[in-house]
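A.B. asks: This is what each chain is made of:
2 protein chains.
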Amino acid sequence: MSYQAPVRDQLFILREVLDIDRYASLPAFADAAMDVVEQILEEASKLASEVLAPLNVVGDKQGCVWRSDNTVTAPAGFKAAYDTFVAGGWPALSADPDYGGQGLPAVVSLAVSEMTSAANMAFAMYPGLSHGAYAAIRNGGSQAQKDIYLPKMAAGTWTGTMNLTEPHCGTDLGLLRTKAVPQGDGTYRISGQKIWISAGEHDLSENIIHLVLARIEGAPAGVRGISLFIVPKFIPDAHGQPGVRNGVKCLGLEEKMGIHGNATCVMSHEDSVGWLVGEENQGLRLMFVMMNEARIGVGVQGLAQGHAAYQAAVEFARERLQGRSLTGPKNPEGPADPILVHPDVRRMLMDSRAVLEGGRAFILWTGLQGDLMHASPDEAVRTKAADYMALLTPVVKAFLTDRGFKACSDAVQVHGGSGFTEHFPVSQYLRDCRISMIYEGTNGVQALDLVGRKLAADGGRGVMTFFAEVDAFVAAHQGDETLAVFTAGLGSAKAQLQDATLWLMQNGLANPDNAGAASSDYLQLFGLTALAYMWAMMAKAAQAKVAAGDVDPFYANKLIVGRYYVERILPEAASHLAKLKTGAAPVMALAADAF
Amino acid sequence: MSYQAPVRDQLFILREVLDIDRYASLPAFADAAMDVVEQILEEASKLASEVLAPLNVVGDKQGCVWRSDNTVTAPAGFKAAYDTFVAGGWPALSADPDYGGQGLPAVVSLAVSEMTSAANMAFAMYPGLSHGAYAAIRNGGSQAQKDIYLPKMAAGTWTGTMNLTEPHCGTDLGLLRTKAVPQGDGTYRISGQKIWISAGEHDLSENIIHLVLARIEGAPAGVRGISLFIVPKFIPDAHGQPGVRNGVKCLGLEEKMGIHGNATCVMSHEDSVGWLVGEENQGLRLMFVMMNEARIGVGVQGLAQGHAAYQAAVEFARERLQGRSLTGPKNPEGPADPILVHPDVRRMLMDSRAVLEGGRAFILWTGLQGDLMHASPDEAVRTKAADYMALLTPVVKAFLTDRGFKACSDAVQVHGGSGFTEHFPVSQYLRDCRISMIYEGTNGVQALDLVGRKLAADGGRGVMTFFAEVDAFVAAHQGDETLAVFTAGLGSAKAQLQDATLWLMQNGLANPDNAGAASSDYLQLFGLTALAYMWAMMAKAAQAKVAAGDVDPFYANKLIVGRYYVERILPEAASHLAKLKTGAAPVMALAADAF
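Chain order of the listed sequences is S and C.
Add 28 to a position in the first sequence, counting from 1, and you land on the number used in our numbering.
Add 28 to a position in the second sequence, counting from 1, and you land on the number used in our numbering.
Quick caveat, the hints were computed from the structure, so don't treat them as lab data.
Hints are not guaranteed to be accurate.
Because identical chains share one entry, a pair is satisfied inside a single copy or across any pair of copies.
In silico lysine-lysine, DSSO-like type, Cα no more than 27 Å apart, as pairs [unchecked claim]:
| hint | residue 1 | residue 2 |
| --- | --- | --- |
| 1 | K89 | K74 |
| 2 | K568 | K609 |
| 3 | K434 | K609 |
| 4 | K358 | K609 |
| 5 | K107 | K358 |
| 6 | K107 | K277 |
| 7 | K277 | K174 |
| 8 | K358 | K74 |
| 9 | K568 | K412 |
| 10 | K434 | K207 |
| 11 | K207 | K174 |
| 12 | K174 | K609 |
| 13 | K107 | K207 |
| 14 | K609 | K74 |
| 15 | K277 | K434 |
| 16 | K573 | K89 |
Here the structure is a predicted model, which is why all the values come from computation and not from measurement.
Chain S on its own, in the form it takes in the complex (with noise of 0.2 Å):
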């Protein structure tokens, strides 16, 4: 059996809990009625399991091939699917309608990624990218700009890429070293050497726009003197159409531990012809727009490697016949049970499933509030939906990835030796998903994104917004005893969050070592948090639906994975609070010569 989409999650999700249908009045809303948006995961499902999942072993045993032309093929088929892929006008799902995208929410197109990356990871990395490449120029570029790139990046047509990282600096962008030359005629000469490009150079797209981050002459040191630019791998001719090559090229390919199937390039910049997006020296600010978007996405490949593992490994716990169930046979005619009988494996299914349904609420609820940021007409609405997206990005990318990989490690193990060969899909989605909690700023980073910039920012309006919003909730529901468990658990898992944003508070400031010490404890007790509100809000709609005498035991069965959550993932919440507490002290204490 191949991957299966969760459609009916994410209808669950939307319909029942999000309910986007209220709000249909806003613009990105107006075409994403529930009615229209199930037919689009409807055909989103079967891109997914058709045509991508098909691929996901291919691209895995082949990968791509780097010629000495500095060309770059992807795996067979690839070409073939990316073409199935625009030619269902996927890449325009969530772009600017005024640039031929469809302009459906942020949160349905999140819905749809999901099922790529669960699909092939690497396939969906060559679209994904161009999603952040597109949002750079949507935000900063001119209108000439716009309207050369936009319409054919929106199409598919074209695809993009961001040239960040240098083989000297990768989180400390302040390093970077790649040179930009003003022409006096409105270009830049670029040069200079950028690694761990994905999707820096294949051929399934007849453009590549590279988003590359390099510094002008004359330019401040650090962050600041460092700019964006467009470089086309072919630059646009009169017509918009690609012309003349650049010199921009694919020197080789890094040899990877996954994602074989997507390009990670070096990219080697000779005297490349580019165009400045935004202002001079203002790049960082454009750079964060891209990876913010991007952030959310990987959170989106940890969830979906993570689902995918699953599945693999439910299907795998019904047909291997291995020893009897502690209370007696169930499969008696057969020569044993299906492992699927014994405790232990259902502990790692359930612990996956749990925190995955979690993590695709988390998702989709944060991801309604980037749309609400933009598309609301209530300033206080949009106040709050940003500072949630600004706090949540690094909680979603983090909390995501970590647990996506630790399914995907629990999906190899139900597998027992089976999951360790590579006859059964695990070890691959194992090794794709490893990326994810690197890539775009290691979970290191993100935590200290949270506890650094976020947490702070603008008096902790944000996490002092969450906590009211939570607090309503468990208010709102003390009383409902089919509820209990759920306002209990988030209750106890928010009062230990806002503990420890109280120790962070008074012991941050006083040496910031205690929050860098504390980062990464701090963002696993906000992500388990966030996802006991999602499963305290999931439960209530299913909670209705049941009372209200629904029998499709789905709801039922919504209620017994949220207690799972509750009663058997939210106990890490101490854990994790007890170790922050301990400070820098015992985290620092050791001489660094003595590692």
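Here the structure of chain S is known, so what remains is to put chain C in place on it, guided by the hints.
C.D. replies: Chain C only, in chain S's frame:
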């Protein structure tokens, strides 16, 4: 920098914590005075870093090659390294002196195993598998069998394997179908297919001795009808030299996530000639002799890979310059600080170090029990040691492989994007290490062995003795302020483990699924407590030196790392306790068809 063996740390444990010189009067220890052991470990360290470590990447990239004549060629350099290994007498280290062995205690050979497994896990498995096969023959073989096989295996001229798994049966050996037909001349003809046979075929040794589980024609179904056979690749002739080629063949190799340098074989027995080891239908008992030996060895692999990965991460963290310390530049002359200054990088390194140093002590302490259970003249000591070995083998195996894998994953994380490429060693450590959580009984099987079999054995004598020993330690150091953090941490962990044990006794019998659902968390809690005890003992030894004015920073650092363990790792105990006490209900509530 290549792998550096932890000789200093091992000597500290052997000399100052375990004080093995006090056993000098026992046979196995007679030739293992600490000054001799020190020389052995220094030699092993050279072997590991100079001979084995340089071949680790070669093994990963080249893998083994299967040929249509059913031969397998190990990666380039492996044969020469194996010759060096044999010439150095390493296979004989802990082998029986009656058969050409050096008769050293297991506690010493485990220290050596850590080095070889860290330097090159795939290589170390070739001689490693021989240990188990050797132990089975020594334990259950006839005098003639011992005379023929043990000297060759101790010398390393011949290697051994375990032929257990079949395509439809791994954990559940009762299902096995390989057939043995008695020939009336003391031999049997063995037919069937075995899979995942590590080191099943290769070009390192002149003969390969397969220990094969099979069912004698007419034997009872299930595990009571399984017998163990010796099936040599070449049948020894009258002079004990390799003679006629037997009917056991390698049909192919598995494609795997890691340990590419070790041949994981599909073995076909086509009327192989085999000799029964021990009695008919008693194969499972002897299999467990091999298996228990192998399980401790797998725990060593987890520790070893984790430690090699930790070292690589430290080296990277020293050299990679990126960002500035939160408390001001530490490398003001350079373009940025080494990432070792960042608290979150330190957190990952300290997490690994605290668990790995504790784990190293745990393995050697357990290994010493293995020696004492044979060598002590005191029956009470032998009984206690045997109880501990039985009880703790699953904990050593599962806890240390889980934690070793986490250390590998954290080492990848410290490397950032570099860790995902194959240009740095950590991807291989992660991929190689992953199998250790699976083979020789998955970690879930270990947990079930612990709660279902080992805990209750002899009325719980083993675990009670362990609790009493820990209580005595805590009581004896109650007033010692310098050890207060360690005794408090140990006391608290032990109290939680005891609480969990009581819960299991009360709830596991009523519903065995309670025990199954609790098993993995219980094992983790046991591992955390065992390491707390190891750290308390190490802290005592280190504190004694510090108090005596020893200025070697090794001791002060040991106390720092130990405190980190108590403050930042032990808080996980409470989370495992809370989870396991929820019992089977949340784990088993979902209907099988709802997954």
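A.B. asks: May I ask which of the numbered hints given earlier this structure violates, with the numbers listed in increasing order?
C.D. replies: When the structure is compared with the hints, numbers 5, 8, 10, 12, 13, 14, 15, 16 turn out to be violated.
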